[in-house]
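Chain by chain, the residues run as shown.
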Amino acid sequence: MIPIMNSVLELLLSGERLDSAQMSKILGLTEAEVESELSHLKETRTLLGWRAILNPDKVQDEFVRAVIEVRLSPERDGGFDRIAERISRFDGVESCYLMSGSYDLLLFAKGNDLRSVASFVTERLASVEGVLSTATHFRLRTYKEQGHLLGDPELNGDKPAISP
Amino acid sequence: MAISLLSVLNMKNYGQQFVADHVVGLPRSGIRDFFAIVAAMPQAISLGIGEPDFVTPWHIREAAIFALEKGKTSYTDNLGLIRLRREISTYVERYFDLSYHPEKEILVTVGVSEALDIALRAVLNPGDKVLYHEPCYVSYSPSILLAHAKPIAVKTEAKDAFGIDPDRVAEAWEPGCKVLLLNFPTNPTGGVTERKKLEQLARFAVEKDLLVISDEIYSELTFEGEHTSIATLPGMKERTLFLHGFSKGFAMTGFRIGYACGPESLIEAMMKIHQYSMLCAPILSQEAAIEALKNGMSSVLKMKEAYGKRRDLIVRRFNEMGLTCHLPKGSFYAFPSIEETGQDSLSFCKGLLEAEEVAVVPGTAFGPSGAGFVRASFSTSYDRIFEATNRIERYLEQKPQA
Numbered sequence: 001m002i003p004i005m006n007s008v009l010e011l012l013l014s015g016e017r018l019d020s021a022q023m024s025k026i027l028g029l030t031e032a033e034v035e036s037e038l039s040h041l042k043e044t045r046t047l048l049g050w051r052a053i054l055n056p057d058k059v060q061d062e063f064v065r066a067v068i069e070v071r072l073s074p075e076r077d078g079g080f081d082r083i084a085e086r087i088s089r090f091d092g093v094e095s096c097y098l099m100s101g102s103y104d105l106l107l108f109a110k111g112n113d114l115r116s117v118a119s120f121v122t123e124r125l126a127s128v129e130g131v132l133s134t135a136t137h138f139r140l141r142t143y144k145e146q147g148h149l150l151g152d153p154e155l156n157g158d159k160p161a162i163s164p
Numbered sequence: 001m002a003i004s005l006l007s008v009l010n011m012k013n014y015g016q017q018f019v020a021d022h023v024v025g026l027p028r029s030g031i032r033d034f035f036a037i038v039a040a041m042p043q044a045i046s047l048g049i050g051e052p053d054f055v056t057p058w059h060i061r062e063a064a065i066f067a068l069e070k071g072k073t074s075y076t077d078n079l080g081l082i083r084l085r086r087e088i089s090t091y092v093e094r095y096f097d098l099s100y101h102p103e104k105e106i107l108v109t110v111g112v113s114e115a116l117d118i119a120l121r122a123v124l125n126p127g128d129k130v131l132y133h134e135p136c137y138v139s140y141s142p143s144i145l146l147a148h149a150k151p152i153a154v155k156t157e158a159k160d161a162f163g164i165d166p167d168r169v170a171e172a173w174e175p176g177c178k179v180l181l182l183n184f185p186t187n188p189t190g191g192v193t194e195r196k197k198l199e200q201l202a203r204f205a206v207e208k209d210l211l212v213i214s215d216e217i218y219s220e221l222t223f224e225g226e227h228t229s230i231a232t233l234p235g236m237k238e239r240t241l242f243l244h245g246f247s248k249g250f251a252m253t254g255f256r257i258g259y260a261c262g263p264e265s266l267i268e269a270m271m272k273i274h275q276y277s278m279l280c281a282p283i284l285s286q287e288a289a290i291e292a293l294k295n296g297m298s299s300v301l302k303m304k305e306a307y308g309k310r311r312d313l314i315v316r317r318f319n320e321m322g323l324t325c326h327l328p329k330g331s332f333y334a335f336p337s338i339e340e341t342g343q344d345s346l347s348f349c350k351g352l353l354e355a356e357e358v359a360v361v362p363g364t365a366f367g368p369s370g371a372g373f374v375r376a377s378f379s380t381s382y383d384r385i386f387e388a389t390n391r392i393e394r395y396l397e398q399k400p401q402a
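Line order of the protein sequences matches chains L and D.
Each residue of the first sequence is one higher than the one before, counting from 1 in this note's numbering.
Each residue of the second sequence is one higher than the one before, counting from 1 in this note's numbering.
Because the hints were derived from the structure by calculation, they are not lab data.
Treat the hints with caution; some may be incorrect.
To be verified - Below, in silico cross-link-like pairs of lysine to aspartate or glutamate (DMTMM-like), each with a Cα-Cα straight-line distance of 25 Å or less:
id	chain 1	residue 1	chain 2	residue 2
1	D	K309	L	E129
2	L	K144	D	D33
3	D	K302	L	E145
4	L	K42	L	D19
5	L	K144	D	E62
6	L	K159	D	E224
7	D	K350	L	E35
8	L	K144	D	E387
9	L	K58	D	E51
10	L	K159	D	D33
11	D	K197	D	E157
12	D	K309	L	E33
13	D	K302	L	E129
14	L	K159	D	E354
15	D	K309	L	D19
16	D	K304	L	E10
17	L	K159	D	E305
18	D	K304	L	D19
19	D	K237	L	D19
20	D	K304	L	E129
21	D	K309	L	E31
22	L	K110	L	E129
23	L	K159	D	D53
24	L	K159	D	E387
25	L	K159	D	E157
26	L	K159	D	E51
27	D	K309	L	E10
28	D	K196	D	E224
29	D	K302	L	E43
Please construct the entire structure, taking both the sequences and the accompanying hints into account.
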């Protein structure tokens, strides 16, 4: 496991879009060193990908998003892993977590419309061997997205531009 | 006609004859004058802000809202809420290794500014002298003057990373010196003073029987090593007023809340002035401060970490473009030299603002020894630091060297 102390990784997680040249300036490394660290992070599959964080209110996004609770019957060898990995492979499943509590898997799923999510749940998911039951909750509105508030930004126009 | 002209003239200066002599002579803060120019350019990138870029952490704001909902709108004890003083006592003990009694040795004030003002007024007789290091926070010299005392500046220099040189303090000393005023890490230089030199200063303070007033508002933002308060050194606690507040570390500038810790007789003397002028610090700010001390340390550490990397970046960029800049050991200010350009601080800042729309503060706003420097706050996003420093670099390239 790569420690989170890794300085390049920390910068990536800071949330600002920085290129290698900028990261090298912040960290006091050469650009080549930053590039090699980035490749290392990718090769070790520490860094899985890049994705912008969008405000769902601002984009013409017709997708329907749902959270699905899944109860499973564990297998003798491997517990929930085999089924969980199998379910994770569906395109519509964006994230999949094993949970403690009254259900086992929590899926974040996406579909073109209500019907496609419904058919995914009933035809694909429910029919996977080992799935005992599912509960689907459709997402209605977003208030905070990955650390970003969607309401009016906290801009303080009264803050003086120069202060002691 | 003549009469009306006379009355217009009189109108213009109406009231002037009532202003006290020592206030007439008081200089306006250099920052305020420059502010007027910057205020007319809202599109400029400002590195001139002397406060955190962060909004007060939500849990602290929420505590203030909750207190308001509960109807906490009254005065408090003159010294401040006892619950807050107990939290301050615990906090100062834990992080500064200093133990003060919450009942008698702690006074809650309206920011460190008030604490400094009433500390000076409580101890200075007209004509007493106060040693302080410069460049420094804009209000030190005026606050001393307003207490009818004489400020004696001790210059700190870039070659010492703006730490104080105790020998210079000894040289500057003259009969009548009563107070030594310190501020480490320093606004605007980010200077700190290493323990050995603090020890030398402490011995000097004992030798000359000086009261030390130590403004430690930036202490949480010390990047390398441990912050040492001079009050912890042998023989110092009984002759030190330890001033601190919530503005910088906890990003609570607008709450206007700070405190003073020190010997009972001094706190009692300050409390007298405080009770007759301010009465007490606002109760909502006191409630927010309690929450800050109880649960705010993780937010402070997060902010400090963010500042550390930004500091490295801005210092590197200044040095790259030929503006020599020492590494500030604390605070969120870089204080590069602009001597290379041949311009004075104010012309440099005005020129930069006009040509590239970047605001930095002329070093002279922090006393004459700030000449040849500018203060740039790095309490902002990487993006803005990159953009601002790129523009400063372009300004240097276009400006023919004098």
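Each hint, compared with the structure:
no.	hint	verdict
1	K309/D <-> E129/L	51 Å, violated
2	K144/L <-> D33/D	41 Å, violated
3	K302/D <-> E145/L	20 Å, holds
4	K42/L <-> D19/L	16 Å, holds
5	K144/L <-> E62/D	18 Å, holds
6	K159/L <-> E224/D	30 Å, violated
7	K350/D <-> E35/L	39 Å, violated
8	K144/L <-> E387/D	29 Å, violated
9	K58/L <-> E51/D	32 Å, violated
10	K159/L <-> D33/D	17 Å, holds
11	K197/D <-> E157/D	15 Å, holds
12	K309/D <-> E33/L	17 Å, holds
13	K302/D <-> E129/L	46 Å, violated
14	K159/L <-> E354/D	21 Å, holds
15	K309/D <-> D19/L	16 Å, holds
16	K304/D <-> E10/L	14 Å, holds
17	K159/L <-> E305/D	23 Å, holds
18	K304/D <-> D19/L	23 Å, holds
19	K237/D <-> D19/L	50 Å, violated
20	K304/D <-> E129/L	51 Å, violated
21	K309/D <-> E31/L	17 Å, holds
22	K110/L <-> E129/L	22 Å, holds
23	K159/L <-> D53/D	10 Å, holds
24	K159/L <-> E387/D	21 Å, holds
25	K159/L <-> E157/D	31 Å, violated
26	K159/L <-> E51/D	9 Å, holds
27	K309/D <-> E10/L	11 Å, holds
28	K196/D <-> E224/D	16 Å, holds
29	K302/D <-> E43/L	29 Å, violated
Hint compliance for this structure: hints 1, 2, 6, 7, 8, 9, 13, 19, 20, 25 and 29 are not met, and every other hint is.
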